[in-house]
Amino acid sequence: MENIFENFTINILKLNKLVQKIKNYEMREYGLKTIHVMCGYFLKTRAEGLTASELSKLTLEDKAAISRALKTMQEKGLVSYDPNTYNSVIRLTDEGKKFADAVCEKATRAVEAGSYDFTEEERLSFYGALGTIAHNLEEYYDGLIQK
1 MENIFENFTI
11 NILKLNKLVQ
21 KIKNYEMREY
31 GLKTIHVMCG
41 YFLKTRAEGL
51 TASELSKLTL
61 EDKAAISRAL
71 KTMQEKGLVS
81 YDPNTYNSVI
91 RLTDEGKKFA
101 DAVCEKATRA
111 VEAGSYDFTE
121 EERLSFYGAL
131 GTIAHNLEEY
141 YDGLIQK
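Under the numbering used here, the letters of the sequence shown match residues 1 to 147, in that order.
Simulated from the structure, these hints should not be mistaken for laboratory data. All residues carry an ideal CB built from backbone N, CA and C; glycine is no exception. Careful: at least some of the hints might be erroneous.
Said to hold, decoys possible - Distance windows between CB atoms, simulated:
(1) E48 / E95: 25 to 33 Å
(2) V89 / S115: 32 to 40 Å
(3) V19 / D101: 30 to 38 Å
(4) E122 / K63: 18 to 26 Å
(5) Y116 / K71: 16 to 24 Å
(6) A47 / A113: 23 to 31 Å
(7) V19 / H135: 14 to 22 Å
(8) N87 / T119: 41 to 49 Å
(9) E120 / G143: 19 to 27 Å
(10) E95 / L144: 43 to 51 Å
Unchecked claim - With a Cα cut of at most 20 Å, we get these calculated EDC-like pairs of lysine to aspartate or glutamate:
(11) K23 / D82
(12) K106 / E121
(13) K44 / E61
(14) K71 / D82
(15) K44 / E2
(16) K23 / E112
(17) K33 / E61
(18) K17 / E61
(19) K33 / E105
(20) K44 / E75
(21) K147 / D94
(22) K17 / E75
(23) K98 / E2
(24) K14 / E29
(25) K97 / D62
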């Protein structure tokens, strides 16, 4: 009999580790880390810019990690913001836009590789189910900590 808990847990962990390895590999040419992938992605999708707090919420990273990532990105000329101003809006520079475009291209290739043999219907069903599982587990966890 299949052990559903083991299958679910190991496959989710394996997916996470593989995604992190791919991000790490793809960031080597830029001298950046995995956290910079999602920073570049979200800043690209929000032309009006984001604050560090907003970026922290979107990436699910703690604010200190985001601050370090942004400092590195600013040093490399990828973002502009005033680190001494509370809630400063962070925007991609022209060089940062090129970086974010490359990140999105790399992400698209990775996602396509991971689901190359899915039909569009299977792909939509999978991502829908994955989102539902994450939502349900979040509610379950919230219930646990409220007890």
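Here is how each hint holds up against the structure:
{"no.": "1", "hint": "E48 / E95: 25 to 33 Å", "result": "violated (19 Å)"}
{"no.": "2", "hint": "V89 / S115: 32 to 40 Å", "result": "holds (35 Å)"}
{"no.": "3", "hint": "V19 / D101: 30 to 38 Å", "result": "violated (20 Å)"}
{"no.": "4", "hint": "E122 / K63: 18 to 26 Å", "result": "violated (37 Å)"}
{"no.": "5", "hint": "Y116 / K71: 16 to 24 Å", "result": "violated (37 Å)"}
{"no.": "6", "hint": "A47 / A113: 23 to 31 Å", "result": "holds (28 Å)"}
{"no.": "7", "hint": "V19 / H135: 14 to 22 Å", "result": "holds (20 Å)"}
{"no.": "8", "hint": "N87 / T119: 41 to 49 Å", "result": "holds (44 Å)"}
{"no.": "9", "hint": "E120 / G143: 19 to 27 Å", "result": "violated (35 Å)"}
{"no.": "10", "hint": "E95 / L144: 43 to 51 Å", "result": "holds (45 Å)"}
{"no.": "11", "hint": "K23 / D82", "result": "violated (27 Å)"}
{"no.": "12", "hint": "K106 / E121", "result": "violated (23 Å)"}
{"no.": "13", "hint": "K44 / E61", "result": "holds (18 Å)"}
{"no.": "14", "hint": "K71 / D82", "result": "holds (10 Å)"}
{"no.": "15", "hint": "K44 / E2", "result": "violated (42 Å)"}
{"no.": "16", "hint": "K23 / E112", "result": "holds (15 Å)"}
{"no.": "17", "hint": "K33 / E61", "result": "holds (13 Å)"}
{"no.": "18", "hint": "K17 / E61", "result": "holds (16 Å)"}
{"no.": "19", "hint": "K33 / E105", "result": "holds (17 Å)"}
{"no.": "20", "hint": "K44 / E75", "result": "holds (18 Å)"}
{"no.": "21", "hint": "K147 / D94", "result": "violated (50 Å)"}
{"no.": "22", "hint": "K17 / E75", "result": "violated (28 Å)"}
{"no.": "23", "hint": "K98 / E2", "result": "violated (46 Å)"}
{"no.": "24", "hint": "K14 / E29", "result": "violated (24 Å)"}
{"no.": "25", "hint": "K97 / D62", "result": "violated (24 Å)"}
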